[in-house]
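Position chain B relative to chain A; hints supplied.
Listed in order, the protein sequences are those of chains A and B. Mapping the first sequence onto this note's numbering, position 193 (from 1) lands on 919, and the numbers just tick up by one. Mapping the second sequence onto this note's numbering, position 272 (from 1) lands on 998, and the numbers just tick up by one.
Calculated directly from the structure, the hints in this document are not laboratory data. We put the CB at the ideal spot given by N, CA and C, even for glycine. Mixed in with the good hints, there may be bad ones.
To be verified - Here are the computed distance ranges between Cβ atoms for each label pair:
1. A:808 x B:838: 31 to 39 Å
2. A:924 x B:1023: 33 to 41 Å
3. A:808 x B:977: 34 to 42 Å
4. B:923 x A:924: 53 to 61 Å
5. B:971 x A:816: 34 to 42 Å
6. B:1111 x A:915: 51 to 59 Å
7. A:735 x B:838: 53 to 61 Å
2 protein chains.
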Amino acid sequence: MADSAQALPRIVIIGAGFGGLWAASALARAPAQVTVIDERNYHLFQPLLYQVATAGLSPADIAAPIRGILSRQRNAYVILGHVVGIDKARRVVGLRDREVPYDWLIVATGARHAYFGHEEWAAFAPGLKNIDDATRLRRKILTALERAEQEPDSRERQRLMTFVVVGGGATGVETAGAIAELVKVALARDFRVINPAMSRIILIEAGPRVLPSFAASLSAAAQRALEKHGVEVRLGQPVTRCDEAGVMLGEERVACGVTIWAAGVMASPAAQWLEAEQDRAGRVLVDRNLTLPGHPEIFVIGDTASVRDEAGKPLPGVATVAKQEGKYVARVLLARLARKPEPPPFRYRDYGELATVGRNFAVVDFHWLRLTGRLAWFVWSVAHIYFLIGFRNRLVVAMDWIWAYLTFQRGARLITASNPDE
Amino acid sequence: MADSAQALPRIVIIGAGFGGLWAASALARAPAQVTVIDERNYHLFQPLLYQVATAGLSPADIAAPIRGILSRQRNAYVILGHVVGIDKARRVVGLRDREVPYDWLIVATGARHAYFGHEEWAAFAPGLKNIDDATRLRRKILTALERAEQEPDSRERQRLMTFVVVGGGATGVETAGAIAELVKVALARDFRVINPAMSRIILIEAGPRVLPSFAASLSAAAQRALEKHGVEVRLGQPVTRCDEAGVMLGEERVACGVTIWAAGVMASPAAQWLEAEQDRAGRVLVDRNLTLPGHPEIFVIGDTASVRDEAGKPLPGVATVAKQEGKYVARVLLARLARKPEPPPFRYRDYGELATVGRNFAVVDFHWLRLTGRLAWFVWSVAHIYFLIGFRNRLVVAMDWIWAYLTFQRGARLITASNPDE
Chain A
727 MADSAQALPR IVIIGAGFGG LWAASALARA PAQVTVIDER NYHLFQPLLY QVATAGLSPA
787 DIAAPIRGIL SRQRNAYVIL GHVVGIDKAR RVVGLRDREV PYDWLIVATG ARHAYFGHEE
847 WAAFAPGLKN IDDATRLRRK ILTALERAEQ EPDSRERQRL MTFVVVGGGA TGVETAGAIA
907 ELVKVALARD FRVINPAMSR IILIEAGPRV LPSFAASLSA AAQRALEKHG VEVRLGQPVT
967 RCDEAGVMLG EERVACGVTI WAAGVMASPA AQWLEAEQDR AGRVLVDRNL TLPGHPEIFV
1027 IGDTASVRDE AGKPLPGVAT VAKQEGKYVA RVLLARLARK PEPPPFRYRD YGELATVGRN
1087 FAVVDFHWLR LTGRLAWFVW SVAHIYFLIG FRNRLVVAMD WIWAYLTFQR GARLITASNP
1147 DE
Chain B
727 MADSAQALPR IVIIGAGFGG LWAASALARA PAQVTVIDER NYHLFQPLLY QVATAGLSPA
787 DIAAPIRGIL SRQRNAYVIL GHVVGIDKAR RVVGLRDREV PYDWLIVATG ARHAYFGHEE
847 WAAFAPGLKN IDDATRLRRK ILTALERAEQ EPDSRERQRL MTFVVVGGGA TGVETAGAIA
907 ELVKVALARD FRVINPAMSR IILIEAGPRV LPSFAASLSA AAQRALEKHG VEVRLGQPVT
967 RCDEAGVMLG EERVACGVTI WAAGVMASPA AQWLEAEQDR AGRVLVDRNL TLPGHPEIFV
1027 IGDTASVRDE AGKPLPGVAT VAKQEGKYVA RVLLARLARK PEPPPFRYRD YGELATVGRN
1087 FAVVDFHWLR LTGRLAWFVW SVAHIYFLIG FRNRLVVAMD WIWAYLTFQR GARLITASNP
1147 DE
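Isolated chain A, as found in the complex (with noise of 0.2 Å):
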């Protein structure tokens, strides 16, 4: 790095997800050498990964890497590396292989998923978090249908072309609807033997309704939709076991080949790391400006931190939660460097939830608005678009969806890996 940036005041951001970025990008003018580090090279979209999961979006449609997306920011440095501990008295963040000293902190380093305590389960029913999530599932969907159709036994055959999606948060949602319509539609006339229109989706929720924090009524619509995609709901049933056969729901086996995990998060470690105070979900509790009790120069932000809004709920782990918060931040640093008094505590602008159903179907809470079906999935579509980073991805995606609106292809439907039984 060059000698004149050693003297400016160093801000460092773990995590290039939601909350990191928008930080770094609103430093984009602060006196200061903002280094960011990420152990992919990538910024994800993640609201759309499972459509890669799915066959319906390419990963480099909704990725984009860190550095492009910095590289005109003079005052920005990336680092591709692995954190592994936090240094609060000596202000440095270790790597594996060098240490990288702070003056300011943000730690934004997002989720993991959350086995409840069966950790074991996670090898049955993996997440969605990131592009390698995305397409070993996509290779998992399409080989288990490679399978059926090359298997004699009519009911391997049919736990084959089982698919079990648990949770009915708007993840899971989603993810059931997009691969009622990979397999049942965009798959229909692929195979002579089975017929993918005959495979079961199971979506498990172990609460009373799906999509939880939208009104109830959007719950029931989103239901409805999902039925008539052919996906089966299933309501009040918590999963009690996950193997290779397919999931236990108290003593009923579902037999499957995929399951998809879509029940819970856990903070990532950052809480060990800092040796911070963490509620049940592994998110550091943190002041009401975002800085870690005791140490103002340290920020924890985005699904790492737990905010609670005015009303004392807990803000959700979404991606608007992450850029509010991130940009706050550099708020609050752009006020020290200029030696201003700091901004009012941080608040959240809530401006409501969307989730879509297949193709033509959504949700949309705007608090003040609330749509079902075809005007939602529009609303839905545009806004998706627009917050992808970056204009050409808006437009492939823009494309790829007329596209698969128009002909119910998929075009992404392939399987890589050097070792498809993986």
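Same frame as chain A, but now just chain B:
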């Protein structure tokens, strides 16, 4: 499979490359059951594979699922399976776990890389044959630069920033040009410590000129274009060793971070399966109607077959040869099915060759017309987009290219893999 199909003659095609797929399509109206066996679920537009490796295109842009291509061809069956042998006496193809009987067999299994008896080089100098090869190479190139960015030792840094392409045929020339553009142009602003424009790209050719199958004037033009793009071209120097630190040219050590093999291919093991006579490159010697001598029911086509033109020159291992052979074999089978006389022996219609060096420059050798430069590049683009299977892919590729042309961006530069050190 339907019982009614059992009475129909069974045509089995091994391999869904250009040869196998074109044969299958040409048999769409044949009163026969056409079974295509491939170990991957996609047909690949191999001529553009280097674009995936250099982050210009996504895998789904140049690959299409075989089942999707054949979904409307009602007499076509697809088996995803790994062939382990052929029993000519019993007329069955052996897969790992089942046998597929045939009345007529078309072997179109393509080629793999040959290391001139040094198979241990494969680990250090991988080639490009399928999507997984391409994404792995993309990862290696991008990871080498990420490591260079963090490497304190200047000599090791320069090694990591050196890319060697072995082989000066069309694949080698196009790959070297694309790496130069990726590294020196698209990534130019992405790093802060290293300057990717200082990377070295070295193209090594054992013979006296690049593109040996083109007219000599075009070879010279391609070499000048490569050098203008910053590629060092080294002719007349065979590689004598590949290892983790780079390659040896005689006694000279060329240290590099990534080595790509584009120097030679060897036919797939079909000759062993068939216990057939083969040429030095492992290709099966066939009769003039592309059948195995003594076995009129077995056809061998594409890179797997050794076929000569009227002048006695072996036909090159390119897509056009494979396609024409596939269509020819279909004509022979259609004649047999109709109990009509077989067509005259196979004759290759040579329309010429094209190769590109980065954007704006290509060489076109249509024999009656030779072009270099921007116009040739335009011809090359149109030809490649036209030949890509599937309208959607054509559209996406066209858009990606127009976009890349206008902005010098490469959208697909993602490092994906669970283990980035792999």
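Does the structure break any of the earlier hints, and which numbers would those be? Hint 6 contradicted; others consistent.
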